Structures are given as structure tokens and as C-alpha cells.
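Trainee: Taking the hints into account, I'd like the entire structure generated from these sequences.
First to last, the sequence lines map onto chains H and W. Going by numbering that gives the first Met the number 0, 21 is the number at position 22 of the first sequence; the sequence numbering is gapless. Going by numbering that gives the first Met the number 0, 100 is the number at position 101 of the second sequence; the sequence numbering is gapless.
Derived from the structure by calculation, the hints contain no laboratory data. Heads up, some of the hints might be wrong.
The calculated EDC-like cross-link candidates involving lysine to aspartate or glutamate, where the alpha carbons are at most 16 Å apart (straight line), are [what the hints assert, rightly or not]:
1. H:LYS241 - H:ASP316
2. H:LYS227 - H:GLU214
3. H:LYS159 - W:ASP226
4. H:LYS159 - W:ASP222
5. H:LYS241 - H:GLU214
6. W:LYS150 - W:ASP93
From the derived model, a few chain H residues whose C-beta atoms are all more than 10 Å from chain W [said to hold, decoys possible]:
7. GLN65
8. GLY79
9. ALA108
10. LEU244
11. ALA308
As the structure is a prediction and not an experimental result, all values here were calculated from the model. All C-beta atoms, glycine included, are put in the ideal place defined by N, C-alpha and C.
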Amino acid sequence: MRQYLLRRLLLMIPLLLGISFISFVIMQLAPGDPASLSVGMNSKIDPSYIVKLRQSYGLDDPLMVQYWHWLQRICRLDFGNTFHDNRPVITVIAERLPATLLLSGLSEALLFLVAVPLGILAAYYHNRWYDRFITFFSFVGFSMPSFWLALLLMLLFGVKMNLLPVSGMTSTEAEYLPWADRMWDLVSHLILPLVVTTFGGLASVSRYARTSMLEVIRQDYIRTARAKGLSEFQVIFHHALKNALIPIVTLAGLSLPNLIGGSFIIETIFSWPGMGRLGFESVLSHDYPLLMGIGVISAFLTLMGNLLADLAYAWLDPRIRYD
Amino acid sequence: MLWGGALIALLILCALTAQWMAPYDPILQALNDRLLPPSPHHWMGTDQYGRDVLSRLLYGSRVSLAVGLVAVSIYIFIGTFVGSVAGYYGGWLDAVLMRLVDILLCIPTFFLILMVIAFVGPSILNIMVIIGITSWTDVARLVRGEILSLKEREFIQAARVIGMSDTRIIFRHLLPNALGPVLVVATLGIGGAILVESSLSFLGLGVQPPTPSWGNMLEEGKDHLTDAWWLITFPGLAIFLTVLGYNLLGEGLRDYLDPRLRGSGRNG
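Mentor: The structure is reproduced here in C-alpha cells:
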């Protein structure tokens, strides 16, 4: 297992280099250069100051030299300062990351808690009405634009019924409330974004679980288990489920890029103060250092997710480890 | 599949006949008719500038259809090219191309698209091209896999033995045999591209007003969440039904093309 872990970690190095290089190249495509952008539209600035600024940023160096310097800096998590308020990019991201992790972590957990049983049941009742309903439902899930679902829920629960808040993470008066009310305040703000984020993944995960379970219950060992007179409950939950879960574990890691990608739009709609909304704001304001930082950090999170999935897979299925 | 086909046929019909079917001008403002609820005159009501929602919806179908078709054509082309080169030649070329795919898969596609749009500016053409050049990785993987499994088969070896050129083998013998799965991915991909376009337009980084697109109609409608439910209901429904149509059609094609699944019900 240790060897396997080592191999996976070493494989990540070229990937990380590649990701950083691609982010760097994309930034080079950006119109305008950081020197003139950071002084902004101020026309009183002496042109020689811009030349100096260019030199201090190293903008006249060859591209590969610039990349090398930049790479050295990001290894120390130094992404430079934001254009917007000239604070370190990493600090700004660190402020926003917890909100994103809270939302996507909870959504990931909820997703698997709901989707896996749905899929398993659909496989068990293969081709019966329940299965057909789940299949139909997953088509609906695949096709539903998340932002439309968000708007409909806001309209229904926020505007018409006035039950749940539709934007932000806390109310303005939250800090003056007693502890329990503050928790409820957070939870009530979480519900709608959480439902929307989870709904997007429900279809694919339940469908995946269904396929995986269908394959397992056709195996010989399941027939054997039934033949020796085990109860249906034992067959499904003891023998089939464990094996069916193995491929689903990888899906948990692989669904991370989708979650992070989706967070850009869902956090923006619900004004959720996370990294996704930060990313969208920095796209609008052309805050390149911040964009670079968010790009690299989200790619890194994705890689970590994949690594965890691989490890869990290897842990659950010894056949993988010894390959 | 039948339902999917019917929905797509309806979409194409709307896009082609928008100028005759639409009862009103989709862009001309009529400020006396602001925010009218659905009625016999305006089946889907009017928006904050008094424009007929149904007419805008019909014209918007053109944007969706065009973006879907063009974006997917671009990425099917790139993905097929990369996938077949990697799969057929193997070796270091394969290794380099597949690592590139791995790297791109780690960067959230939607973020990548947002970033590039911010640099080059939003327009229908840019959106189509950017979705095209950022979304080809899955196709490349799929085609590579197909080619890998096909290229060891006897008919390919026979083609090589009689001295056929690589290009001819790829285009005449390998790709046509890999066409089925690619067709399925393309159909599903059109739905996906329409979702991306409408998300971008919804965020204000896609099709720019006054040109109607379902996404920017929702964007404008969200400011009237409290007083005009029809502004967000109908465009959303149009996106949903269109994407559903492509998904049903794509899954139907998959079942049809995969003989293992035929007759045994849907399976994954």
C-alpha cells in the first residue's frame, strides 16, 4: 500500500507542473499586462514608472524565465496581491475557502447518502415501475439547469412562502443572536444552495450506483449466497452492497471538479461568500492574480480528490494495489 | 428516443420558422405593455420592456441550436483528431497527449470557460469556439479507447499488410467503426453545450442583450422574481426540455447502437 501511495504521489508532480504551466499560458493570453493594469486608468502616471514596474514584475524576461519565477513563488503559496484591494491572493482565498468547503462537503455527503440507496433500490427492482421512475428522474436531473432550479426554489420558498432566506450565508443581525439561533440562521441559509448543488449530482450518482449494483447481483457469488438460503436482506446488504460500492467510491473523488465548477454559478446566485463567487467576481473585474490563484487551488483540490478516491479504491479492492 | 427526437424536431422547427411563428418583434420595446401576465394576446406574458416572451423564446431557440451544434462539432473534431492520433501511434505521442488530457480534466471546465470569455469578450461566436476548445477531453479519451481496441483486429492488420497508408487506415477503417459511441457523446454533448451557453448568458458573460437567448432572458427575469413568475418559468422550461430532448435521444442512440443492451432494457 505504501508503494502504491508513493507511486500516486509521484505521478501528481508532472500533473501539477502541467496545470501550473497551462494556467500561466492562459494568463499570458489576457489582454493588457499586469504593470499597466495595476496602475489602472490613471493617465497622470509617468510612462517611465510603468517601465520600472515592468522591470520589477520581470515582464521583459523570456516567457520560460517568467514561468520559472512564478512557479517558485506559487510553491511558497505566493500568488501575488489582488488588483482589487492589494491584499495577498492567498489570504483572500483562505477567507473564502471555508464557505465553499462547507457547502461542497455537505453536498457531497448528502449526495451519496441519498443517491446510493436510490440507485441500489433501482437495481434491485430492475425494470419494475420503481426502476423506471428512478431512470426518468435521473433524466430530469441531468437536464435541469442548476441556475433555473435555484431560481424556482427561490421563487417558491423565498418569495411566495417566505420560509427561507435566498442569499448570503448569515443574516446581518446574526452576530447578536444566541448560539442556537445563529446555528439555525446558518442552516436556513444553507438549505437552498445545498439542495441545488446536490440535485445536480443526484442523477449521475444514482445511475452509476444502479449500474454497479446490477453488475454485482448478476455475479455467481450472489447466486451462491441465495442458493445457500441466505435471507434477501443479507444477500443485498452483506454480499452485494460492499462490492457494488467500490466503483462508487471513485466517483466521489471524480465528482469534485463538477462540484467546484458548479460552485461558480450557484454561489453567485445565492450570494454565497465562497471561492466560486470570488472567482466569478474576479472574472468580471479582470483580477488576474486572483484568477490564477483560484485556478491553481481548484485544480489542486481536484487532484487531491482524485488521489483520495484512488487510495480508497486501492484500500477497498486489493486487486488494484498489486497490479 | 422517440420523445427525445420529437423534442429536438420541435426545437429545430422553432428555430427555422421563428420569423413567421413569432407573433411580435423580439427586440422592439413596447413600454405600455410592461410585465403583462400570460393572456390570449401574449401567451407567455411580456417582459420589463413590454416584449413578448413567446417571440423572444422562439428567436432564442436559434442561439441554443447554433451554439450546441457548432461547439460540439468543434470539440468532436479536436477530440477525434487527438484521440485517433494518440490511439493509433501510441508511444510517447500517446503519453504526452493523454497527460495533457489529464491536466485539462483537473481544471474545472466552467471556470476555464469563464476566464477565457473574460479575456476575449462575450459574443455568440466566442462562446461556441471556447466551449469547443475546452471540452474535447472526454471525446479524445473515448476515441483513443475505441481505436486501441480496434487496431489489433484482423481487418486492420490486413489493411496494413496490403500497404495502406496510416491516414487511409484511420479514416476509412478505424474511425467509421468508432463512429457509434462518438455519435452518442455528440448528442449528449449538444445538451451540455446548451446548458453551458445558458449558464454563461445567465451570468451576463454570454449572449448579450438585446439578442434574446434563453439564458439572458432568465438573467433579466430574475430581477422580477417577486412580480413576474412567467419571466423565469418559460425560458427555463425551454432549456430544460431541449436538454432533456438531447439526453433522451443520446441515451436512445446508445441503447440502439450497443447490441448488448438491445432487448434487455436499459442498462447504465
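Trainee: Hints broken by the structure, by number, lowest first?
Mentor: When the structure is compared with the hints, only number 2 turns out to be violated.
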